[in-house]
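Trainee: Sequence:
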Amino acid sequence: MKQKKASLILTTLFVGLFAGLPFATSSIKSSNLTLVSDTLSNPRLSFYGLTAANVLGSSLVTIQTSSVPSGDSTQLASPSSLTKDVLIGGTVYILDGVAPNADTSKFSITTGLAAGDIASGKAVVATQSSIHTIKFKPASAVPNGSFRVLIQATDNTGTSADGIPDGDGFDFSTTTPTVTCPTDVSSYYDFVAGTASAQAVTVGSLKYHSFECRYSGPGNPSEDFNANPMVITRLINPAPRSGHTVGTSDPYKMIVQNLGTSTYPVVDQTATQIGVIEGVRVTATVPPQITFTIAGVADSATECSLNLDVTTTATSVPFGELTIDTFRTAAQTFTVSTNAYNGWVVTAQQNDNLGMDAIACPDGSFPTNCIADVSVGGITYGSEGAWATATDYGFGYTLEKNAGNGAVAFSAPNYKQFADLANLEPAQSIFSDDAVGSSESYNVCYKVAIGATQAAGDYENIVSYTATATF
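Sequential numbering of the sequence shown, starting at 0, is according to numbering that gives the first Met the number 0.
Take these hints with a grain of salt, some might be off.
In silico lysine to aspartate or glutamate, DMTMM-like type, Cα no more than 20 Å apart, as pairs [what the hints assert, rightly or not]:
| hint | residue 1 | residue 2 |
| --- | --- | --- |
| 1 | K400 | D351 |
| 2 | K134 | E277 |
| 3 | K134 | D116 |
| 4 | K83 | D95 |
| 5 | K134 | D223 |
| 6 | K252 | E222 |
| 7 | K136 | D71 |
| 8 | K105 | D84 |
| 9 | K252 | D154 |
| 10 | K400 | E277 |
| 11 | K105 | D95 |
| 12 | K136 | D183 |
| 13 | K134 | D189 |
| 14 | K105 | D223 |
| 15 | K105 | D71 |
| 16 | K136 | D189 |
| 17 | K83 | E277 |
Quick list of simulated restraints, FRET-style, between CB atoms [stated by the list, open to error]:
| hint | residue 1 | residue 2 | range |
| --- | --- | --- | --- |
| 18 | N422 | L81 | 29 to 37 Å |
| 19 | L55 | T467 | 57 to 65 Å |
| 20 | S382 | L81 | 46 to 54 Å |
| 21 | G242 | D433 | 51 to 59 Å |
| 22 | T109 | S382 | 39 to 47 Å |
| 23 | A359 | T109 | 51 to 59 Å |
| 24 | A451 | N422 | 33 to 41 Å |
| 25 | S119 | T467 | 25 to 33 Å |
| 26 | S382 | A421 | 13 to 21 Å |
For the record, the hints were derived by calculation from the structure and aren't laboratory data. No residue lacks a Cβ here, since even glycine has one placed at the ideal position from N, Cα and C.
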């Protein structure tokens, strides 16, 4: 199955479970250990495919879909910090996505293909590794012996420990797996450090990797190593074997043995099977969403350090009758929810200054039938400043945060003018966040004051608010 290989080791941890199932074999003559199981942290098959012809520099990779161990790109694990590497030919690339536009003959990488990796027939390898947790209960009191776990390896000599997944057994990997022996059991088992050997044992016609925990002590058939297991790390899971049926596990043999003293003959043993299978790829699409609401605030409230005079609605700020040299105040509450990964911003802009019967108000001259924007202390649409005295006439706003992770552009005691569309002033950011948000709440507080020369009449303008999400 394999072509010329480059060495690649990937360690990937998923959650999976296998329980060992005893089976009969003519090679076993001794007593059986009981409660034998192998729990795999990741029972997923490794990926071993071949490229079709590809284009130099392309980040889209096409694979062969028939007569290969892995012929479906959805068999690749979705890219993450642990599953991002894929070997193509002689180069390790970073996986970007699988099955673009539901095309299972393709996957994408973050950089373009190199010249040596574009020809048809280049190996495509993405390994899956697992932690094996071996549990068992001894059958006999075997003094000064050993517990040995045999896990099926490839029959191909020279490829059982090269870091490339095999189609007929677990690969030992280029780095020796770690064997963690059970904790010592007082008066019965005193373990030494575990050992691992590649393709070290042959039983019948099959070759096995060997993982051994030797001990001193008399042994104890009543001891249960289910809560005190033997743990093996870094074995590479097999690729789909020849004739594999997608969705059906490929079984591999494992034997747990209790060896005797001195020359370590087999005293007791139990054979089990390990099943490895494709992961179930679950997909879902979350569409871009943003919700933006404006709500009125009652005149009994205190917002932005102001005792409000006016009750507002979602669409109106009715200041009512204005008294000379006296502030009138109002507020509205704005709420933003969005799943935009890169955040959101709310901007504000008025169509013009407050004008009698909505007439145009030439910026800078402000006849008596226009209420000017506040300008005390250098306040403009782009610069905030303090505004505390009602004899400093004009119209302006300040901001307040109620809840959420975002921020307001400024807050009381500072105020700004609204940017004026009629004067070609750009809309200004008033609230923003750089991440998703849920029910983030903010206030815009309005304030107006007039002098004795303000002409009697009805004044109005339109303030527009825009919420923009960045997905």
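Trainee: Need the status of pair K136, D71: alpha-carbon distance at most 20 Å?
Mentor: violated, 41 Å
Trainee: Given the proposed pairing of K252 with E222, does the C-alpha separation stay at or below 20 Å?
Mentor: violated, 25 Å
Trainee: With a cut-off of 20 Å on the C-alpha distance, tell me whether K136 and D189 pass.
Mentor: Measuring from Cα to Cα gives roughly 16 Å; hence the hint holds.
Trainee: Would you mind confirming whether the straight-line C-alpha gap from K134 to D116 stays at or under 20 Å?
Mentor: violated, 44 Å
Trainee: With the threshold set at 20 Å, check whether the alpha-carbon distance from K105 to D84 stays at or below it.
Mentor: Cα-Cα ~16 Å, so holds.
Trainee: So does G242 sit 51 to 59 Å from D433, Cβ to Cβ?
Mentor: 52 Å Cβ-Cβ, so the 51 to 59 Å window holds.
Trainee: Please verify whether K400 and E277 have alpha carbons no more than 20 Å apart.
Mentor: violated, 49 Å
Trainee: Is the gap between the beta carbons of S119 and T467 within 25 to 33 Å?
Mentor: For T467 against S119, whose Cβ atoms are near 47 Å apart, the range 25 to 33 Å is violated.
Trainee: Between S382 and L81, does the beta-carbon spacing fit 46 to 54 Å?
Mentor: Since the Cβ atoms of S382 and L81 sit about 50 Å apart, the hinted range of 46 to 54 Å holds.
Trainee: Between the alpha carbons of K105 and D95, is the straight-line distance 20 Å or under?
Mentor: holds, 11 Å
Trainee: Between A451 and N422, does the beta-carbon spacing fit 33 to 41 Å?
Mentor: violated, 26 Å
Trainee: Holds or violated: K83 and D95, Cα atoms, limit 20 Å.
Mentor: holds, 8 Å
Consistency with the previously given hints fails for numbers 1, 2, 3, 6, 7, 10, 14, 18, 19, 24 and 25, ordered from lowest to highest.
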